[in-house]
Amino acid sequence: MTSAIRFSGVSRHYGDVKAVDTLDLDIAEGEFFAMLGPSGSGKTTSLRLIAGFERPTAGEIRIFGQIAQGIPPYKRNVNTVFQDYALFPHLNVRDNVAYGLMIAGQPKAQRHKAADGALEMVALGGYGDRKPSELSGGQRQRVALARALVNQPKALLLDEPLGALDLKLREQMQEELKSLQRSLGITFIFVTHDQGEALSMADRVAVFNKGRIVQIGAPEDIYYRPETPFVADFVGSSNVLPPEFVAKLTGKHAYGALRPESVFLAEQGHSAMVRSVSFLGAATRVSMQMDKIPLTILLPKGAVIPKAGDAVTVAWSADDLHVMDRT
Amino acid sequence: MSDSALINRRGGALAQLSDTLWRRPGLLIFLLILPPALWLGIIYLGSLFALLAQSFFSIDEFTGIIQYEFTLKTYAELFRPSNFDIIIRTVVMAAAVTIGAAVIGFPVAYYAARYARGKWKAIFYLGVMMPLWSSYLVKVYSWKLILAKEGILNWLFETLHLGGLLNAYLAIPVIGGNSLSVSATGTFLVFLYVWIPFMILPIQASLERVPHTMIEASGDLGARPAQTFRHVLLPLALPGVIAGSIFTFSLTLGDYIIPQIVGSSRRFIGQAVYAYQGTAGNIPLAAAFAVVPILLMAVYLWVAKRQGAFDAL
Chain A
1 MTSAIRFSGV SRHYGDVKAV DTLDLDIAEG EFFAMLGPSG SGKTTSLRLI
51 AGFERPTAGE IRIFGQIAQG IPPYKRNVNT VFQDYALFPH LNVRDNVAYG
101 LMIAGQPKAQ RHKAADGALE MVALGGYGDR KPSELSGGQR QRVALARALV
151 NQPKALLLDE PLGALDLKLR EQMQEELKSL QRSLGITFIF VTHDQGEALS
201 MADRVAVFNK GRIVQIGAPE DIYYRPETPF VADFVGSSNV LPPEFVAKLT
251 GKHAYGALRP ESVFLAEQGH SAMVRSVSFL GAATRVSMQM DKIPLTILLP
301 KGAVIPKAGD AVTVAWSADD LHVMDRT
Chain B
1 MSDSALINRR GGALAQLSDT LWRRPGLLIF LLILPPALWL GIIYLGSLFA
51 LLAQSFFSID EFTGIIQYEF TLKTYAELFR PSNFDIIIRT VVMAAAVTIG
101 AAVIGFPVAY YAARYARGKW KAIFYLGVMM PLWSSYLVKV YSWKLILAKE
151 GILNWLFETL HLGGLLNAYL AIPVIGGNSL SVSATGTFLV FLYVWIPFMI
201 LPIQASLERV PHTMIEASGD LGARPAQTFR HVLLPLALPG VIAGSIFTFS
251 LTLGDYIIPQ IVGSSRRFIG QAVYAYQGTA GNIPLAAAFA VVPILLMAVY
301 LWVAKRQGAF DAL
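So the sequence lines, in the order shown, correspond to chains A and B. Quick note, the first sequence lines up with residues 1 to 327 if you use full-length UniProt numbering. Quick note, the second sequence lines up with residues 1 to 313 if you use full-length UniProt numbering.
Each hint should be verified, as a subset may be incorrect.
[Claimed, not checked] Which stretches of chain B does chain A cover? Using the computed rule of at least three CB atoms under 8 Å from a CB of chain A, they are:
id, segment
1, 208-221
2, 231-238
[Said to hold, decoys possible] Among the chain A residues that face chain B by a calculated CB cut under 8 Å, a handful are:
id, residue
3, D84
4, F88
5, H90
6, Y223
If you're looking for bench data, these hints aren't it; they were derived computationally from the structure. If you're wondering where the values come from, they're calculated on a predicted model, not measured in any experiment. Don't be surprised by glycine CBs; every beta carbon is placed ideally from N, CA and C.
Between the sequences and the hints, there should be enough to build the whole structure, so can you do that?
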């Protein structure tokens, strides 16, 4: 597969702040790629570097093989769906979607037809005459999507597009985005701080921290085989076990990751003290203290649920303790 | 007391009053609105209607006594060439000042809204507002000195050996004159200087409300900066530009001091009103003249609304 976006040693510094720090990245054509990280980790800056809103202070970005240096956003063959959607309030929905085509000089009838087609695609047929202010958050999100896609970009950049939606709508849009990407076959680059979103949608996930990529790989790899304590904690909310503890169990002096759902209450094992219990619906989360190590576990429906203050014994199968080589 | 759990007892007349107003929010609004409504309704609108009424009377040309009978004769007088010229001249000047202020003010407002932060924002506000702190007359007379034949501007042109250029410009009829201080151009410059803060501040306020992503989205969709300005920035800032233009346009329409101090002897509406109601004692004609800016502004706002200038509000 050919490379859609390639970063070679790209940095974006603001004075002393290293928003993006010597980043190397290769995104394949037709890939659904997620950039995942906490706020301030450099994921949005990376996206803005691709769109051309930011200029790298060092390094080289190639977009479909072409060096992006010095090419302004309006000449780049990529389109962005903004976090706040950035719909033009003075234009109706149809003219919003047709904006790129209007700029490209398409005649009115033709671009309005294309815009209506794009609105149809995002299930908003017949909404063309409304103003953006008359739409709900989810509908605005679709208009923003249609406005970007109608230009047939080679890559679509999505900056936390689902952040402002409620949970149900977000899950629905995740599926729709995924199937849209499959049917269109264009590269989607998706920025999010929601690990569930990244894992469920992307072909590959890059986990960002402090301006660098900590780990890059398929969702299963990231989830089950985190390489650093940061990834284990941020992506899977895994329990990170200190090297001394892991050394006693495995002989390897390294951090260990233990998924909350892998731990169960047992007759024999490690003794712990329950600190708090929260009912989550599908499962119950129990926070406890195992010696000096904080441990969070998820107990399925039907399991015996301890109370805060109880002394319990926990265990896990040896395969579930993942030893991380990097720190 | 049984209800002490719910009610925190704090007595007194003021507390009683607060409770009453809280229970009847309409009453509070009514009390707050009443004084300004009386002021606007009686003193402001009342005098406006008195003025309007005066314009429908006429003056006896021989005795100079006002005849309190309804007539459109006074309005017809406005269309006499000498009077109509005054109206045209004033409207052209007001339009020129408005356009000039918008063209100069927009980049300043854009810089302030988009780029100025912290200290620079304070310096911007100070720079824009400071001219408003000093006396209007002092500013106008200062400009008369700047624009005079012996003034700094003339000296600058001479020093740069561009005196010929200035003289050639001043030789142009209508906008030229003996020196800048007695030309329509001089009047224009002073108007522009005095009213430009009233253009910059509303534009700046409207630009502040345009999210930065709006500009980025336009560029992302392929629009060059000029196209983004034309299709996104200007329509979104238009309410601010219109608000600013209402100030600059109406203030220029009504002013009678600037053209008297700086400019040619050709009169503006304000000067005509001043002359007719004062020395000439022709209150009806003065009133008719005063109605002209009101009508012009009404038409202007109506057209602006029709053009969708307020859609982005």
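Evaluated hints:
1. 208-221: Our answer is that it holds, as 9 residues pass the Cβ test (under 8 Å) against chain A, meeting three.
2. 231-238: It holds, with 4 qualifying residues against the three required.
3. D84: holds, 6 Å
4. F88: It holds, given that the least Cβ distance between F88(A) and chain B is near 6 Å, below 8 Å.
5. H90: H90(A) check passes; min Cβ-Cβ to chain B is 5 Å, inside 8 Å.
6. Y223: violated, 32 Å
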